[in-house]
Amino acid sequence: AQKITQTQPGMFVQEKEAVTLDCTYDTSDPSYGLFWYKQPSSGEMIFLIYQGSYDQQNATEGRYSLNFQKARKSANLVISASQLGDSAMYFCAMREDFTGGGNKLTFGTGTQLKVEL
Amino acid sequence: DAGITQSPRHKVTETGTPVTLRCHQTENHRYMYWYRQDPGHGLRLIHYSYGVKDTDKGEVSDGYSVSRSKTEDFLLTLESATSSQTSVYFCAISDSGQGNQPQHFGDGTRLSIL
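Those protein sequences? They're chains A and B, same order as listed. Just so you know, we're using my numbering here: the first sequence kicks off at 577 and counts up by one. Just so you know, we're using my numbering here: the second sequence kicks off at 13 and counts up by one.
Calculated from the structure, these hints are not laboratory results. In this text, all values refer to a predicted model and were calculated from it rather than measured experimentally. Be careful, since some hints might not be right.
Said to hold, decoys possible - Some chain A residues near chain B, calculated using beta-carbon distances under 10 Å:
#1 611
#2 613
#3 615
#4 624
#5 629
#6 638
#7 671
#8 681
#9 684
#10 685
#11 686
Even for Gly, the Cβ is constructed at its ideal location relative to N, Cα and C.
Put together the whole structure using the sequences plus the hints.
So, in structure tokens, the structure goes:
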């Protein structure tokens, strides 16, 4: 069974600084994918970034980048130049393929990020 | 924003009553999912659908059933609600079976079972 571990329940970062949110995973499938989602206090889930297990380069999307270390089974999210609006819960999730296609996601427990002035 | 509407957005009901949550999409996506979110657990998959009338169980399916009679609607039913089903429920959709396609989520339904 797939498992996602986020060991940081809460993190603080100063505005304009970079922050790394940790995510480790466990799977026996050679093909998998990792997603990061943001959940602000308003409650919606916002897709941020994706990394496939066969991707040669680390994914980047604007201020978000993914530090993918396959041998260590880690997929840490890096947010550069933090902004107050980055304060939110962040979830790491792993894709598992299932009957009929589509992507079943297994989520971690999340990291609550607080950006301070 | 993906066209996903969950209804109701909030509901309070009593133990033992049936409850149906609706997810409606305007994106014509094939795949639809129901998750529940509880403190300390992240989101957990309840049921999913890979086409009209094609559904299957997820990780926490006990006590829940689903139906999908049209592409755009995916219903989640609690036949006899229990207090342990108090949670925030999210519907999600995705377009294809391609691995890099993210799931897009509705705004959630906050359900309280008293």
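Each hint tested on the structure:
| no. | hint | verdict |
| --- | --- | --- |
| 1 | 611 | holds, 6 Å |
| 2 | 613 | holds, 8 Å |
| 3 | 615 | holds, 9 Å |
| 4 | 624 | holds, 9 Å |
| 5 | 629 | holds, 9 Å |
| 6 | 638 | violated, 15 Å |
| 7 | 671 | holds, 6 Å |
| 8 | 681 | holds, 6 Å |
| 9 | 684 | holds, 6 Å |
| 10 | 685 | holds, 5 Å |
| 11 | 686 | holds, 6 Å |
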